[in-house]
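Taking numbering that gives the first Met the number 0, the leading residue of the sequence shown gets 0, the next gets one more, and so forth.
Where hints are given, some of them may not hold.
[Stated by the list, open to error] Pairs of lysine to aspartate or glutamate residues, derived as DMTMM-like cross-links and limited to a Cα-Cα distance of at most 20 angstroms, are as follows:
id: 1; residue 1: Lys13; residue 2: Glu25
id: 2; residue 1: Lys13; residue 2: Glu28
id: 3; residue 1: Lys13; residue 2: Glu3
[As the list claims (entries may be wrong)] Restraint-style ranges between C-beta atoms, simulated for each label pair:
id: 4; residue 1: His56; residue 2: Leu16; range: 18 to 24 angstroms
id: 5; residue 1: Glu63; residue 2: Val30; range: 19 to 25 angstroms
id: 6; residue 1: Val72; residue 2: Ala32; range: 27 to 33 angstroms
id: 7; residue 1: Ala15; residue 2: Gln71; range: 32 to 38 angstroms
id: 8; residue 1: Ala15; residue 2: Leu50; range: 15 to 21 angstroms
id: 9; residue 1: Ser69; residue 2: Thr4; range: 33 to 39 angstroms
id: 10; residue 1: Pro23; residue 2: Leu68; range: 31 to 37 angstroms
id: 11; residue 1: Arg35; residue 2: Asp66; range: 16 to 22 angstroms
I should point out that these hints are in silico values taken from the structure, not numbers from a laboratory.
Glycine is no exception: its CB is placed at the ideal position from the N, C-alpha and C atoms.
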Amino acid sequence: MNIETLVALPEDLKAALDRRAPSPPERDELVAAALRAYIAWPRPGEDASDLTVINAHAEELNAEAQDALSYQVPL
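Produce the entire structure from the sequences given, and follow the hints as far as they go.
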């Protein structure tokens with residue numbers, strides 16, 4: 000379930016957001032993904048071991064690896 004909220008952004012950031020995600024649904028998805036990534040990142044003083052960081056981003060890292068593998072050609 001999504002809820003609406005009002006966020007005040009600097010003009011340059013809003014313009015960059017509009018260029019990157021021109022439609023409202025795209026903007027919603029981009030902002031939600033950015034917030035999820037930011038919230039998942041360890042704060043100073045929290046356990047920020049390499050494994051913690053990798054596990055927090057495992058889904059994204061695995062997707063990138065699969066994408067890179069799809070460009071390989073058989074030798």
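Status of each hint after checking the structure:
no.	hint	verdict
1	Lys13 with Glu25	13 angstroms, holds
2	Lys13 with Glu28	15 angstroms, holds
3	Lys13 with Glu3	17 angstroms, holds
4	His56 with Leu16: 18 to 24 angstroms	22 angstroms, holds
5	Glu63 with Val30: 19 to 25 angstroms	21 angstroms, holds
6	Val72 with Ala32: 27 to 33 angstroms	31 angstroms, holds
7	Ala15 with Gln71: 32 to 38 angstroms	33 angstroms, holds
8	Ala15 with Leu50: 15 to 21 angstroms	33 angstroms, violated
9	Ser69 with Thr4: 33 to 39 angstroms	37 angstroms, holds
10	Pro23 with Leu68: 31 to 37 angstroms	34 angstroms, holds
11	Arg35 with Asp66: 16 to 22 angstroms	20 angstroms, holds
In the structure shown, a violation is registered for the earlier hint numbered 8 alone.
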